[in-house]
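Protein chains: 2
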Amino acid sequence: MGVVDSVLAGDRLSLARLLTQIENGTPDGRAAMDALYPYTGLAHLIGVTGAPGTGKSSLVNHLARLFRCPPEGDVPRRVGVLAVDPSSPFTGGAILGDRVRMRDLAGDQGVFIRSMASRGSLGGLAAATASMVLALDAAGYEVILIETVGAGQAEVDIARLAHTTVVVEAPGLGDDIQAIKAGILEIADILVVNKADRPGVENTERALRGMLQLGHSTPRAYLHHGEVEMLAPTAGVGADSPGWQTPILRTVATEGAGIDGLYQEITRHRRYLDESGEWGRRERARLQSELDTLLQASLVSRWRQTVSQEAYQEVVDGLLKRNISPWKAVSILLNSKGSADI
Amino acid sequence: MGVVDSVLAGDRLSLARLLTQIENGTPDGRAAMDALYPYTGLAHLIGVTGAPGTGKSSLVNHLARLFRCPPEGDVPRRVGVLAVDPSSPFTGGAILGDRVRMRDLAGDQGVFIRSMASRGSLGGLAAATASMVLALDAAGYEVILIETVGAGQAEVDIARLAHTTVVVEAPGLGDDIQAIKAGILEIADILVVNKADRPGVENTERALRGMLQLGHSTPRAYLHHGEVEMLAPTAGVGADSPGWQTPILRTVATEGAGIDGLYQEITRHRRYLDESGEWGRRERARLQSELDTLLQASLVSRWRQTVSQEAYQEVVDGLLKRNISPWKAVSILLNSKGSADI
Chain A
0 MGVVDSVLAG DRLSLARLLT QIENGTPDGR AAMDALYPYT GLAHLIGVTG APGTGKSSLV
60 NHLARLFRCP PEGDVPRRVG VLAVDPSSPF TGGAILGDRV RMRDLAGDQG VFIRSMASRG
120 SLGGLAAATA SMVLALDAAG YEVILIETVG AGQAEVDIAR LAHTTVVVEA PGLGDDIQAI
180 KAGILEIADI LVVNKADRPG VENTERALRG MLQLGHSTPR AYLHHGEVEM LAPTAGVGAD
240 SPGWQTPILR TVATEGAGID GLYQEITRHR RYLDESGEWG RRERARLQSE LDTLLQASLV
300 SRWRQTVSQE AYQEVVDGLL KRNISPWKAV SILLNSKGSA DI
Chain B
0 MGVVDSVLAG DRLSLARLLT QIENGTPDGR AAMDALYPYT GLAHLIGVTG APGTGKSSLV
60 NHLARLFRCP PEGDVPRRVG VLAVDPSSPF TGGAILGDRV RMRDLAGDQG VFIRSMASRG
120 SLGGLAAATA SMVLALDAAG YEVILIETVG AGQAEVDIAR LAHTTVVVEA PGLGDDIQAI
180 KAGILEIADI LVVNKADRPG VENTERALRG MLQLGHSTPR AYLHHGEVEM LAPTAGVGAD
240 SPGWQTPILR TVATEGAGID GLYQEITRHR RYLDESGEWG RRERARLQSE LDTLLQASLV
300 SRWRQTVSQE AYQEVVDGLL KRNISPWKAV SILLNSKGSA DI
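Chains as they are written, first to last, in numbering that gives the first Met the number 0: chain A, 0 to 341; chain B, 0 to 341.
There may be inaccurate statements among the hints.
Which copy is meant is left open, so a pair is good if it fits within one copy or across any two.
Claimed, not checked - 20 Å max Cα-Cα, derived SDA-like pairs, lysine to any residue: (1) K327 x S275; (2) K327 x E282; (3) K327 x W302; (4) K320 x I331; (5) K327 x G199; (6) K320 x A256; (7) K320 x T19; (8) K327 x V299; (9) K320 x R11.
For the record, the hints were derived by calculation from the structure and aren't laboratory data.
Throw the hints in and build the complete structure from the sequences for me.
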């Protein structure tokens, strides 16, 4: 049985191997994903992001358990967990994290957990993450929790993969001007103040509420200024959805407090996505953004094959000597293969 | 007098306008930078990065003041400060930050401070930051402090701009597995534990020391896995320099404690860069990385002009219906303009 059939049949070892192939960018992995793609599109992708120390992993573990053993009336779901840590280039950390998690959810065949560390390139990371999500989706995981660390642009880009984005904060980080991470609030469908038994929880909640109000009055178009990523304008992703008010919840993940409420809000958001047509809108934005990332990588690698290393280094020498500017350099390099002027 | 001459003559208003043009990506700004490029290459670029709440801004303000009024024997330097906050899409925050800073260093014509918020695109942000640094360089600022918030991939990419990278930590963030931000340590030339009057400073320092040792034993090639950003392998940027041991310093920026020591280490690193030939190596890596970012943006925008919005949306429709995979979609889109198969 080939890898495609084994993955579709639910074989965990085949899935694990496929994920490694995707992470390493092998042609075999790409071919398998090509064949698996028609079987995707069913999973509910939930992004969970927040700064280090907010207790995201603990929250994700509890959520995974609730989706497996939900309150009466709800159907248990197969759960995939993808933990992405773009700030760690060491697999060591990721593996350690896996062990801690594995112990927690061990033995449950309906849960699949995978960590990935950075590959040094944001574009590469986002593309690999997107493909790994597709693989889990094709393998029949109905809920996929995508956990990212931090609040930078990388996390915003990865959150673009999700249907529902949960942003986790903790008391005590909100007293700094720069802790008000407006960019990450902008993409939040649900806000969680974890470690809510700590002092300062009211301040954090108030700051978040203030930023949310500010965020909603900002034209979303502002986010679509960049040239590189946006091949075409993507439909709004994140908090800017008519008919959905971003709730702010309190949890204490270490004690499991408030997780039920979070589960309910995620379920409610899923229902909202279905009923409002927002699900389709986000699917389109997500696939478009994924396509753009792949296009960009292909354009670059195709161009690279047309220019010799010598010609390239000669241009860099000119830059170093300040003989030519970076813009002139681009023009020279792109024209060297007989293309139109930029 | 044109903008180029005014900027070279040290006119602050012209510089401020040019920076805005660069930030907005106008053709005028690009033309001016093309003319100014030969006057760049003299500034010492110092990156200062760290998570929210570590007190970076305060540290940067103190450093700026020390470069202006250095210890006896050192020459006072003209100082540019560029504060980049990729997590904030709101100019409001950046402007507020500016006001706080301005009050602090007000009236000194030898200091120029500029904040920029996110433009929603990492590529765009990195390119704009690189150009703004060039503008400050051409305008005669001899030391340029580039401040970034956070510890994600975006910050690592921006740090690649610097000759000397200072990474700021604070006690109390180090007790979480995920707080060990190996990626950001990897690029540190100097590590600072700010807020060193707080409990836990020994633990933070010990954790950093451990991670540094781990980092130095990791093959650096691991970082160059990505396909998208690395058109050609860049020479090592960051901590992995033979002959330089990353020092760990303690500061209490609010009281100005330890800033002298930080200033001395930065000066020592500058000397090390000059004497070891590492300055030239980093200049090459920096310019190459900048060139690659511009190349990527040009390739994408050039390609975009060759494909109609209708053809593009038709492919996205196929993706949504799962009729074609993302990889097939790329192949279709790139071949639609008669290019070779990918």
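Which numbered hints are broken by the structure, listed smallest first? 1, 5, 6, 7, 9
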